[in-house]
Amino acid sequence: MAIRGSAILGALALAGVSLFGLSAKAEDVTINVWSLDRDIQPAPNLISDFNKLNMGIKVEYRQIQFDDVVSEAMRAYSTGQAPDIIAVDNPEHALFSSRGAFLDLTDMIAKSTVVKTSNYFPGPLASTMWDGKNYGLPKATNTIALYYNKDMFKAKGLDPEKPPQTWDELVDAARKLTDPAANVYGLAFSAKANEEGTFQFLPWAQMAGGGYEHINSEGAVKALDTWKTIITEKLASPDTLTRGQWDSTGTFNSGNAAMAISGPWELDRMVNEAKFDWGVALLPVPEVGAERSSAMGDFNWAIFSNTEHPAEAFKVLEYFASQDDRMFKDFGQLPARSDIAIPETGVPLKDAALKVFIEQLKFAKPRGPHPEWPKISKAIQDAIQAALTGQMTSKDALDQAAEKIKAVLG
Amino acid sequence: MKRFLSSMIDGRGFDIGLVSLPLAFLLALSGLPLLYNIAMSFQEVDMFSLGSFWRPFVGFKNYRDLFAQPETWPILANTATFVVASIAGQFLVGFSLALFFWTNFPGASWLRGLFLVSWVMPGLVVGAIWNWILSGDFGVLNFILREAGLIDGNIFWRSDPAFSLWAVIIANVWLGTSFNMILLSVGLSAIPRDLYEASELDGANVWQRFWTITLPMMRSSIGAIIALGLIFTLQQFDLFAAITSGGPNNASNVTQYWAWDLSFRQYDFAKGATISVIMIVFVMIASVVYVRSTRHEVRG
Numbered sequence: 001m002a003i004r005g006s007a008i009l010g011a012l013a014l015a016g017v018s019l020f021g022l023s024a025k026a027e028d029v030t031i032n033v034w035s036l037d038r039d040i041q042p043a044p045n046l047i048s049d050f051n052k053l054n055m056g057i058k059v060e061y062r063q064i065q066f067d068d069v070v071s072e073a074m075r076a077y078s079t080g081q082a083p084d085i086i087a088v089d090n091p092e093h094a095l096f097s098s099r100g101a102f103l104d105l106t107d108m109i110a111k112s113t114v115v116k117t118s119n120y121f122p123g124p125l126a127s128t129m130w131d132g133k134n135y136g137l138p139k140a141t142n143t144i145a146l147y148y149n150k151d152m153f154k155a156k157g158l159d160p161e162k163p164p165q166t167w168d169e170l171v172d173a174a175r176k177l178t179d180p181a182a183n184v185y186g187l188a189f190s191a192k193a194n195e196e197g198t199f200q201f202l203p204w205a206q207m208a209g210g211g212y213e214h215i216n217s218e219g220a221v222k223a224l225d226t227w228k229t230i231i232t233e234k235l236a237s238p239d240t241l242t243r244g245q246w247d248s249t250g251t252f253n254s255g256n257a258a259m260a261i262s263g264p265w266e267l268d269r270m271v272n273e274a275k276f277d278w279g280v281a282l283l284p285v286p287e288v289g290a291e292r293s294s295a296m297g298d299f300n301w302a303i304f305s306n307t308e309h310p311a312e313a314f315k316v317l318e319y320f321a322s323q324d325d326r327m328f329k330d331f332g333q334l335p336a337r338s339d340i341a342i343p344e345t346g347v348p349l350k351d352a353a354l355k356v357f358i359e360q361l362k363f364a365k366p367r368g369p370h371p372e373w374p375k376i377s378k379a380i381q382d383a384i385q386a387a388l389t390g391q392m393t394s395k396d397a398l399d400q401a402a403e404k405i406k407a408v409l410g
Numbered sequence: 411m412k413r414f415l416s417s418m419i420d421g422r423g424f425d426i427g428l429v430s431l432p433l434a435f436l437l438a439l440s441g442l443p444l445l446y447n448i449a450m451s452f453q454e455v456d457m458f459s460l461g462s463f464w465r466p467f468v469g470f471k472n473y474r475d476l477f478a479q480p481e482t483w484p485i486l487a488n489t490a491t492f493v494v495a496s497i498a499g500q501f502l503v504g505f506s507l508a509l510f511f512w513t514n515f516p517g518a519s520w521l522r523g524l525f526l527v528s529w530v531m532p533g534l535v536v537g538a539i540w541n542w543i544l545s546g547d548f549g550v551l552n553f554i555l556r557e558a559g560l561i562d563g564n565i566f567w568r569s570d571p572a573f574s575l576w577a578v579i580i581a582n583v584w585l586g587t588s589f590n591m592i593l594l595s596v597g598l599s600a601i602p603r604d605l606y607e608a609s610e611l612d613g614a615n616v617w618q619r620f621w622t623i624t625l626p627m628m629r630s631s632i633g634a635i636i637a638l639g640l641i642f643t644l645q646q647f648d649l650f651a652a653i654t655s656g657g658p659n660n661a662s663n664v665t666q667y668w669a670w671d672l673s674f675r676q677y678d679f680a681k682g683a684t685i686s687v688i689m690i691v692f693v694m695i696a697s698v699v700y701v702r703s704t705r706h707e708v709r710g
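Top to bottom, those sequences are chains G and W. The first sequence maps to residues 1 to 410 in my numbering. The second sequence maps to residues 411 to 710 in my numbering.
Simulated from the structure, these hints should not be mistaken for lab results. A few of these clues could be false.
Unchecked claim - No farther apart than 30 Å at their CA atoms in a straight line, the calculated lysine-lysine pairs in the BS3-like style are these:
id : chain 1 : residue 1 : chain 2 : residue 2
1  : G       : Lys-406   : W       : Lys-471
2  : W       : Lys-471   : G       : Lys-404
3  : G       : Lys-375   : W       : Lys-471
Let's have the full structure, built from the sequences with the hints guiding it.
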């Protein structure tokens, strides 16, 4: 609340100045912002609100497509045409900060009265860091958890208030829930050969003590073996290997899967589509009491290092941060902050689910950060798919991935 | 010099001028990017040196690294399978349809026109539709095969490494058939009818007429369609992106998709360029075949 208060005071003070005719249009500094947000998403709306405050900074917005963010930004930076501020996907943040393309914000954040690093969840914050310094601010965040169909749990004699806690319980429940005659799989998730596959698998490896630096650890092998059991016993559709998370969860919504691993971006669709009682549980862990972990998605804000107006650009970021409490209410996205309570939506299923996601966010870990993340990720995807299709054992596949990752890490 | 200038109005200089314009155009729009691509395959390129041309020269390192990767040979083999099977499928189905419509039954030309719909559709749309058709659990293709009693359990076309490449090939054959059919129809209609009448009088049967008249007369059309087919199949990217994303575990990955993945997803632009250079060699071969087969046509 303190953050919001001071921001409003500042805004009022500036508005007062402009009332006395002191706002000097000619001296306005122009700040360019690029992000992939559409007109109903945060960036364009926050920017138009900011421009109305007349703070002597004029912000111009350009929307870029998801697939173009990195290549467009790199080309712009290397030819000196970069915008002042950009939003990048969190695993790609380190790529830019490690090469000095993003501005080191450590000092500005330390002096700031608006932005406090302690307010952020540790995972999203870590994704903006490189070498112990802050190269940006989390824009929003998300994670994954286990959705389950309470009606199906009841029908198969499982307790709908006791969703699976461990991997073994998850596989057992999936076995009981799978019903080929009724076209029902026990579980839906994504093992696709793109970032989504890594996003879904990495938390499993991390919970068992693995990670991208030691992807062939015993725990990670056990995680992949568990996935393999699920696929070979047809507890999940074989198309899990080529389907993204959105399509996989679609089979849950239509009643063709009893459980699904996915994120809060599904909530609105599920509220509309799912004609059954459902709930959300934390991702099952290897055994009771094991360390929790989860995936972490969404974008970060950063300032390019060749900006001519670092102070003004940072002011814009401060404004964005001051509006974080609108993130969920106005745009349905989760702010990456632990000091902001998510307001009730009035939809009981959704509110209960959000509580679980907020809890899960505490354990969310960034992918990397590492400048060569896409290559590391590709090695992990190939290993997942080689094991799940039975071309290699989990151990051999992960050994090969570890070999490739070692070459990347140098 | 004066002679040359005056010949600009009428004579050699005018001819040179006419030829040099398109040549300059070709060089600027195709030649330079091609050379740039080849140069890039011998350099160390990372995303921040993309904007400058002077980058460290590494010789054949990119090529050596590429062929040291375990997935390289399987992907090259996939590409060969994809190209040969797609061209064969497109050509055989296309030729059969062209012959079928050649019989000129009522409404034939109208129906033939309808077949062009598939050629007009964007690859990504075709890919999305085939993605549903080939879906393992609820796909139409599995339903038809099951009802026809050809299979017992569902085939996971997109996710089974034994089928995923063929899933894309099926979609690509569907996509390219109509183009083959139209070009071959044109070739067929160019064959003088009196040749057939004469041979019929001499007592040649349907097969003899096909082998001795139709096929030889269609030589240039067939050469052109196969060369174009090679180029189109080596270009085919959308279907991979829409149906399998090259998965599972590269089972349906081909060079053109891999080049994109390396360049724009893993940001390894030098390796992406290296694969493109390897592909250029194949397209060159196709161009030679194409030029040779159409040269025959011009003399015609």
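Taking the hints in turn, this is what the structure says about them:
| no. | hint | result |
| --- | --- | --- |
| 1 | Lys-406(G) to Lys-471(W) | 19 Å, holds |
| 2 | Lys-471(W) to Lys-404(G) | 17 Å, holds |
| 3 | Lys-375(G) to Lys-471(W) | 18 Å, holds |
This entry satisfies every hint, going by the numbered hints stated previously.
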